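4 protein chains.
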Amino acid sequence: MKTVESWAQDRFHEECAIFGIYGHPEAGNLTYLGLYALQHRGQEASGIVTYDGHAFHSRKGMGLVADVFSDARLKALSGHAAIGHNRYATSGGNTLENVQPLTGKTAHGNLAMAHNGNLVNADLLRSEMEASGAVFQSTTDSEVILHRIARSEETRLTDKIVDALHAVRGAYCLLFLSEEGLIGVRDPHGVRPLSLGKLREGYVLASESCAFDLVGADWVRDIEPGEMVLVNEKGVEFFQPFFHNAAQAPVKAQCVFEYVYFARPDSHIFSRNVYQVRKRLGKELAREHPVDADLVIAVPDSGVPAALGFSEAAGIAYETGLIRNHYVGRTFIEPQQSIRNFGVKIKLNAIREVLAGKRVVVVDDSIVRGTTSRKIVKMIRAAGAKEIHMRISAPPIVSPCFYGIDTPTRQELIAASHTGDEIQKYITADSLRYLSMEGMFRAVHNSQDGSSAHFCTACFSGQYPIPLAHAETRQPALF
Amino acid sequence: MKTVESWAQDRFHEECAIFGIYGHPEAGNLTYLGLYALQHRGQEASGIVTYDGHAFHSRKGMGLVADVFSDARLKALSGHAAIGHNRYATSGGNTLENVQPLTGKTAHGNLAMAHNGNLVNADLLRSEMEASGAVFQSTTDSEVILHRIARSEETRLTDKIVDALHAVRGAYCLLFLSEEGLIGVRDPHGVRPLSLGKLREGYVLASESCAFDLVGADWVRDIEPGEMVLVNEKGVEFFQPFFHNAAQAPVKAQCVFEYVYFARPDSHIFSRNVYQVRKRLGKELAREHPVDADLVIAVPDSGVPAALGFSEAAGIAYETGLIRNHYVGRTFIEPQQSIRNFGVKIKLNAIREVLAGKRVVVVDDSIVRGTTSRKIVKMIRAAGAKEIHMRISAPPIVSPCFYGIDTPTRQELIAASHTGDEIQKYITADSLRYLSMEGMFRAVHNSQDGSSAHFCTACFSGQYPIPLAHAETRQPALF
Amino acid sequence: MKTVESWAQDRFHEECAIFGIYGHPEAGNLTYLGLYALQHRGQEASGIVTYDGHAFHSRKGMGLVADVFSDARLKALSGHAAIGHNRYATSGGNTLENVQPLTGKTAHGNLAMAHNGNLVNADLLRSEMEASGAVFQSTTDSEVILHRIARSEETRLTDKIVDALHAVRGAYCLLFLSEEGLIGVRDPHGVRPLSLGKLREGYVLASESCAFDLVGADWVRDIEPGEMVLVNEKGVEFFQPFFHNAAQAPVKAQCVFEYVYFARPDSHIFSRNVYQVRKRLGKELAREHPVDADLVIAVPDSGVPAALGFSEAAGIAYETGLIRNHYVGRTFIEPQQSIRNFGVKIKLNAIREVLAGKRVVVVDDSIVRGTTSRKIVKMIRAAGAKEIHMRISAPPIVSPCFYGIDTPTRQELIAASHTGDEIQKYITADSLRYLSMEGMFRAVHNSQDGSSAHFCTACFSGQYPIPLAHAETRQPALF
Amino acid sequence: MKTVESWAQDRFHEECAIFGIYGHPEAGNLTYLGLYALQHRGQEASGIVTYDGHAFHSRKGMGLVADVFSDARLKALSGHAAIGHNRYATSGGNTLENVQPLTGKTAHGNLAMAHNGNLVNADLLRSEMEASGAVFQSTTDSEVILHRIARSEETRLTDKIVDALHAVRGAYCLLFLSEEGLIGVRDPHGVRPLSLGKLREGYVLASESCAFDLVGADWVRDIEPGEMVLVNEKGVEFFQPFFHNAAQAPVKAQCVFEYVYFARPDSHIFSRNVYQVRKRLGKELAREHPVDADLVIAVPDSGVPAALGFSEAAGIAYETGLIRNHYVGRTFIEPQQSIRNFGVKIKLNAIREVLAGKRVVVVDDSIVRGTTSRKIVKMIRAAGAKEIHMRISAPPIVSPCFYGIDTPTRQELIAASHTGDEIQKYITADSLRYLSMEGMFRAVHNSQDGSSAHFCTACFSGQYPIPLAHAETRQPALF
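Protein chains in written order, with this note's numbering: chain E, 1 to 479; chain R, 480 to 958; chain G, 959 to 1437; chain F, 1438 to 1916.
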């Protein structure tokens, strides 16, 4: 049995989504809905912990949100406060211990934690704590935070968390659930998004605002980099930005790839609507790399906004040239005999009647290994296209991400070792052009300002705003 | 627990897909893929029967194709010939007996059968056969065909089938698998589609050509109304069209709603590409019912081609105003407190930044009960749209279908008892217009010919080309 | 993975249990309990059909009663009348179609049927009916009865059943559930047992009376060979014994092996208590084959009553020498390296402190292939026994059963081709003796009458009271 | 749905079984078999951790051994060393975190631990460790040991364990699996049993010797109270008994109830065969409390050995009067209308033909609440017994156990607050007698020595050899 991984692996993957709520009688149900809206950020596992004023309730499992939580299981997740987590994890084996929210009992009582992002000095911190007697239950980088909180000598939980985070380096949006309430924290660089929303009853925190829309919450504002928020029966309390080191104020480094691909187009991320940014990326792309063609098509669904932008700016008609099968599950039985471009065919099919004899601009958001792009180009060619001009609505990806995105190694990134011409030849397109870094930021800012300030561009530039230390070394499997 | 049925029920549903193959060493695997590509035609249950020259192998189950067939189960489905079936069924309870392919042992040997369509005189035939000692195992209308074949006094299986079908009235595309080979039949009216494809090794028959693309088969031609085809080791044999009654040659009555909504846009149905027809429907709609507006959006995904056509013909920019969640499963936990437009929000979300302050044309393919359209209009309004003009790319639906489509009763069809103005008021749109019957057929024919000849328009016109008899009476549940 | 089959296959197996009830508001629940008490007669699959006056409800599945019926599933089995079936089936593959009760819709309405026994002319009848247009859904011999009933030209269901059974040869206890009530029939030879019991509300029919005890019913009487009983709202109606051919009154041929091994010791079968018969078998055995020994042990649990009888008659102390693991499930992971006598060790363990240095009489009810007896003797020897005298509380098994018991072929029956001395040598016992045919019937009759009249002794004598015809040919798998 | 708990709760329950192995290529498979043989000591959950020299592999789940470990899952449990655990736990809810072996990563590497017994000062130790920053993942008392080991400043793992155990009070047999090998420890009082066995390849440690028999190991000797053993590639190393406090050598306090009820009769516990002890208990009982009767029966299966002993000493015939259903699962659908003695009937049935008109001695091992005994006496009476004399092969149970046995509270123990006469009246027996403490120990020692020295008799005497501290307070559920 061959899995769709081969296809899926040719994309970057967001590693997690988090959702929290306080003050609603159906906190568990709304967290289920929130995770459901955030399913695109993690499909491997899901978990919810609720608190009803007396006891905590937990349910975690492998699979999609809809599979992990049955009606009976949701009923058992009673309470007015909850946090939840979707996980994307490529490491195989028995990883139920790694499914979040992590839970533990400390002197401060029960504590549940959900983490979106990735720590770059977790191994070092872990070794230090093990040396002084800590017992780790998972292999997640996140667990070190739980132990550091348990060991903090501060009295209030919020102070313990700040204390714990002083030693932690990396990208993290964190949600905590304790008897004292719901706590949210965003790292000082603000790599991953975290927003606050308001219900008629209670408050919610989520990775993306699309989760607010589904539960009927209104967007209030982003949690600021380095900011912590506590929600409980007294209301919402914001804590001053904290810094690892007061002398060295951290540089804001928001992930620009959230705009390019990860976030849902209907979300509001880093205070901008994703769809609008993507459409502008397509317009900039058309301006930078015009081409004489008959029609513009997208690689669905992520390439659609940029393709619409390209079409509008270039004045070339937008068409649907590739149809996506919406029932794609996780595993497939691949026939042993070769079927042309099989991997891509599971998910996409070309419409010959649209493409035959045409000069086609194909807009996609990124090329990772190049294997999928090659199959798509060949599929379009087989459908009769006369010319195929691939346009990518972001710069070439040359470096892996260590801040919470599942990316291939540098060796596997085709643009890390090949020129644009070489890639064009490999994918068999008639032309291939990428959007420039400046063009990308002009689209992001919706201005002539092409500056990358306040954003992380590591995957495009190789410049890592948070030093990496041992980040490339992965923790060996525990059990 | 509330299911998404409430939402899903506001669409028509194709009741079945069929796929057959002969002469390929991986017949079971390719049937799995074929059913997978045809998943949109039936999501409730699925089954495959294979034949390996010695024994038949069968696997049927409730759920999606990907859930019913595991790797181990597919391995057990060995053989060079196979037929498969996807089923949509609203009747609840223990319906495993009703999952197709139906199988039975007759004097002629083992016989498996898969049916897409619906018979209108099944009850009568069933009563007759029961009176003479037949034992029925399922409550499907299809089983009467199996019994009639078993009772035929003809010698060859193909003759038995023709004999059996002489008494049968209704819509049917049938696939049979026997020791003699794979047989396909299309009813004399040709209501549902059935096409023949060719692999490097062997032949395939499928409801839609999108299944050919996935398995790597080339489209050969449609099976004609009233035609039967036999595929075995000797090749492909076509049988002359048969008629119920030679004196009264049947009228071709292909389902125009396959173009409007059911079929996948990348399929070739009744010899035309579906996407192209849909886009022309949008163009005709723009010509018939122009409107002064800022942008055109679609109700995704089915409304997209018509919206693009509308945009092109009207010269109004096409935008993505509604985002679809692609992880929608079958059941949801609906919060008890009212969240505005909850049912639709599970699947769709409006992008405020696109819609706010705009005059918006919303293109959809049909309005069934009106409840979903109302929620969509309200969702768009809540996102700030200034004006909302609903445009439907087909005429009003005034009558239920009895030829293999799951439709509400006439009472539930809003257009059966309400004027366009009343519906517009109900769905709270600023204007509402439907495409005319002539406009629809101009789009279908891609000419000025607005004639409905050769097509069934019963759901739009109430004129049923095949007399209904007892069709409205549903068979009571057996066990 | 090695299954316990290897061990289990060295026993005969009852192929089915049936249970029916009429007139109790919890008919489904009580059928569940009845099947549960009859689990020893079939562990492969189970099914219940109920009738609530309006509709029939059905649930069938593979596995033990406790696994097939969940609380929710039992709730759905509402009604005041029900029949149920436990099945033992060695044929592999997808046999869900073969799980009983069989159900079908005929001109007479819905009919469910459960069968304990085996027909010897099913293939012939099946061929005849297929030739005249019947469609068979299962490969069970039982289905021919359903078709014959559907084709009967009688008016009343009871008459249809009699009509249908006139052509049927073999062993059968049948239960039918229809809108007219619950019907029970026992074949004219009375091979398998069937008893009537009475509840405070309603009546029950069961293969063995132990099912009555669990549901709180009182034993009324056996259904006579050739008798039919109808239970409905009017009460209980008995029908005169029917015969295949009035000229040739059938000979009573009750299965003596029900006493030897199949039935539960607390059951009342053929009007005698099974435990008492078994104890007398042990006493006769001691009288026929005395031995000088220190203790008597049983192969648990089936050998215990005979061992107690042997001990009592011989005046040798009874001891527990073999302990049975009561958690034995269906599958085991057998270590690759040889562990002595592994297959038996899963289920039995010898107590060295009881056996070491002793002359031991081991009482068992039968030897089938001899492989298990050999392992048991070796296990007892390894525990230190000085002498091992095997005593079997029935005659040697020399012929297979075709009347509803799953037995090996004649080639596999060790006593069919080996003398007692050869078997003794093979199983490595110091002596081996079987009870004589006369001794067995003296025990059955509890008198000096050693006559086998009214009993089937085919497995011991090779004399088949019902002619076999094609019984040895098994029907090939359908799907 | 009513569960059999009501019945099962009228017994004491062993809370755990442990099994470990080192030096065998199929360590995982043999651990599966060992746990299978020890299933009677815990049926709620099961887990195995293996080590293959490079990585650890773990599988834990709720349910019986045969349900938790499939063939595929056992294949994944590769390695030459393993430990396993069966758990009995009454606390409901999501307890997967509590299933053992517990696992954790410490500075010393990966460590897995399985515990049979119960600690009496776990809460205190837990609070202390939480106060200094420990994060607990389960609510088991056992987890404190893991944390104390992680915090020990010793260098060798064996020293860390001794160091950790110095503060621990209670009953414990522990198995550890680490990169250094397999370690077993028995508490200084030796409350629970632990034996060492030898395979042709490698060594095993198990709660009871019946596990050795199934895997083909020879019994070597008991692990002594306070002793630790390390098995690795160098062989077996025994560590001197350690004491909590050198000044106060601990008193041996082996659980006498292991002989009375818990252990399997084929096991060798505390150097004696259980079956032989139980038979002697019956003999002592007959001597202490003779009665004029017609037959002796047992409450199966646990009462059988004592009943045989009673029969032998009293010269009254032993009979099988109660039949046990061996297919009893965990849940039952109890009919709403009352069936007499329903709870017991699921598991037991009386044989009228044996009991009617007889004066019957019924031997059981214990009376806990009395409700089951009452039902059994009534069932025997209903079967026609003339007189019923209940004989119990142990003294009255007057106190709960806090050393690893699941017992009701003192209030629920009928003998804690009622005289023998009152209990006799409640259970409706004609007479009721218990074995004396001295009689019990005469049987244990197989001599006239009725001394309880070296044994714990807390449940019979209320004298607790290990001070209880906070043992009665149960830890609240964590998540």
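What the hints contain is simulated information worked out from the structure, not anything from laboratory work. Please read these numbers as outputs of a predicted model, since none were measured by experiment. Treat the hints loosely; a few may be bogus.
Stated by the list, open to error - Here are a few chain F residues that sit away from chain G, every Cβ distance over 10 Å (derived from the structure):
hint	residue
1	1490
2	1590
3	1650
4	1652
5	1659
6	1674
7	1677
8	1688
9	1703
10	1713
11	1738
12	1779
13	1788
14	1807
15	1848
16	1856
Stated by the list, open to error - Computed list of lysine-lysine pairs in DSS-like fashion (alpha-carbon distance at most 27 Å, straight line):
hint	chain 1	residue 1	chain 2	residue 2
17	F	1795	G	1305
18	F	1512	G	1033
19	E	378	R	677
C-beta: ideal position from N, C-alpha, C; glycine also.
Assertion that residue 1652/F lies farther than 10 Å from chain G (Cβ): violated, 7 Å
10 Å cut-off, C-beta based - residue 1788/F kept clear of every residue in chain G: Violated, since 5 Å does not exceed 10 Å.
Residue 1738/F and chain G, when compared Cβ to Cβ, separated by more than 10 Å: Label violated. Min Cβ-Cβ 7 Å, cutoff 10 Å.
Straight-line alpha-carbon gap residue 1795/F to residue 1305/G, limit 27 Å: Between residue 1795/F and residue 1305/G the Cα gap is close to 34 Å, so the pair fails against 27 Å, i.e. violated.
Minimum Cβ-Cβ distance from residue 1856/F to chain G exceeds 10 Å: holds, 34 Å
Verdict on residue 1703/F as a residue remote from chain G, using beta-carbon distances over 10 Å: For residue 1703/F, whose nearest Cβ neighbour in chain G is about 4 Å away, the distance does not exceed 10 Å, so it is violated.
Residue 378/E paired with residue 677/R [C-alpha distance capped at 27 Å]: holds, 21 Å
Minimum Cβ distance from residue 1677/F to chain G greater than 10 Å, as the annotation requires: holds, 31 Å
Consistency of the no-contact label for residue 1674/F, given chain G and a CB cut of 10 Å: Answer for residue 1674/F: holds, closest chain G Cβ roughly 26 Å.
Distal placement of residue 1688/F relative to chain G, Cβ over 10 Å: Holds, because the least Cβ-Cβ distance between residue 1688/F and chain G comes to about 28 Å, which exceeds 10 Å.
Least C-beta distance from residue 1650/F to chain G larger than 10 Å: Nearest chain G Cβ is 5 Å from residue 1650/F, so the label is violated.
Distance rule for residue 1713/F, whose beta carbon must clear each one in chain G by more than 10 Å: violated, 5 Å
Violated hints for the displayed structure, listed by number in ascending order: 3, 4, 9, 10, 11, 12, 13, 17 and 18.
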